[in-house]
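> Go ahead and model the full structure; you've got the sequences and the hints to work with.
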Amino acid sequence: MRLPLPDPRELPRVLLGLPERVFGLLDSAEALIGRVDALLVRIEDTRQDAAAVVRRVDAIAADAEPLVGRLGGLLDRLEPSLTRLEPTLRTLADTTSPAEVAALVTMVDHLPELTRRLETEVLPIMATLGSVAPDMHDLLDVSRELNEMLGKLPGMGRIRKRVEEQQDEQQEQEALAEQRGPVA
Numbered sequence: 002m003r004l005p006l007p008d009p010r011e012l013p014r015v016l017l018g019l020p021e022r023v024f025g026l027l028d029s030a031e032a033l034i035g036r037v038d039a040l041l042v043r044i045e046d047t048r049q050d051a052a053a054v055v056r057r058v059d060a061i062a063a064d065a066e067p068l069v070g071r072l073g074g075l076l077d078r079l080e081p082s083l084t085r086l087e088p089t090l091r092t093l094a095d096t097t098s099p100a101e102v103a104a105l106v107t108m109v110d111h112l113p114e115l116t117r118r119l120e121t122e123v124l125p126i127m128a129t130l131g132s133v134a135p136d137m138h139d140l141l142d143v144s145r146e147l148n149e150m151l152g153k154l155p156g157m158g159r160i161r162k163r164v165e166e167q168q169d170e171q172q173e174q175e176a177l178a179e180q181r182g183p184v185a
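Here this note's numbering is used: the first residue of the sequence shown is 2, the next is one more, and so on.
Incorrect hints may have been included.
[To be verified] Keeping only pairs whose Cα atoms sit at most 20 Å apart, straight-line, the calculated DMTMM-like set for lysine to aspartate or glutamate is:
id	residue 1	residue 2
1	K162	E146
2	K153	E165
3	K162	E149
4	K162	E173
5	K153	D142
Hints in this document: simulated from the structure, not taken from any laboratory.
This is the structure:
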C-alpha cells in the first residue's frame with residue numbers, strides 16, 4: 002500500500018499539526034497501556050483465584066479418595082444381598098401404609114418394656130409349666146371322681162339332663178351367630 006505524501010505547499014501546516022497528533026497518539030498509547038495494565042492485574046487475580054480453587058479441589062479429592070475407596074468396598078460387599086432383597090424391598094414399599102409404619106414405630110418404642118416383662122413375668126411362669134401338668138392330671142382325676150359321686154345322688158340325673166340341654170342350646174345359638182357373621 003502506498004502512503005500518500007503531502008503536497009509540499011501544505012508541509013508547513015502538516016508540520017505544525019504534527020506535534021499535536023503525536024501528543025494525541027501518546028495520550029492514546031498511555032490510555033491503552035493503562036487499560037492493558039488493569040487487564041493484566043485482573044488476569045493475575047483470576048490466575049490466583051483459579052490456583053486457589055485448584056488447591057481446594059486437590060484437598061477435597063485427597064480427603065474424598067479414601068472415602069470413595071471405603072464406599073466402593075462396602076458397595077461391593079453389599080451388592081449381592083441388596084440385589085436379592087430388591088424385590089422384597091419393592092413389595093414392602095408398595096404395600097406398607099403410613100399407618101403401618103407408625104404402628105411399627107410404636108411397637109419398637111414398646112420393645113424395652115415388653116422385653117422386661119417377658120423376662121420378669123412370662124418366662125418364670127413358663128418355667129413352672131412343666132410341674133403344672135401332673136397337678137392338672139390330678140385335678141382332672143378328682144373332677145371325674147366328683148362327677149361320679151354327684152351322679153349317684155338322688156335327683157342329679159334330672160339336673161344333669163337340664164344342664165346338658167342348656168349347653169346344647171347355647172352351642173346351637175353360637176353356631177347360628179357364626180353363620181350370620183359379625184354384627185355391625
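> For the pair supplied as a hint, K162 and E173, is the alpha-carbon distance within the 20 Å limit?
holds, 17 Å
> With the threshold set at 20 Å, check whether the alpha-carbon distance from K162 to E149 stays at or below it.
OK: K162 and E149 at ~15 Å, within 20 Å.
> For the pair we were handed, K153 and D142, check the Cα-Cα distance against 20 Å.
holds, 17 Å
> Would you mind confirming whether the straight-line C-alpha gap from K153 to E165 stays at or under 20 Å?
holds, 17 Å
> Take the C-alpha atoms of K162 and E146, compute the straight-line distance between them, and say whether it is at most 20 Å.
Holds: K162 and E146 sit about 19 Å apart, inside 20 Å.
When the structure is compared with the earlier hints, no violation turns up for any of them.
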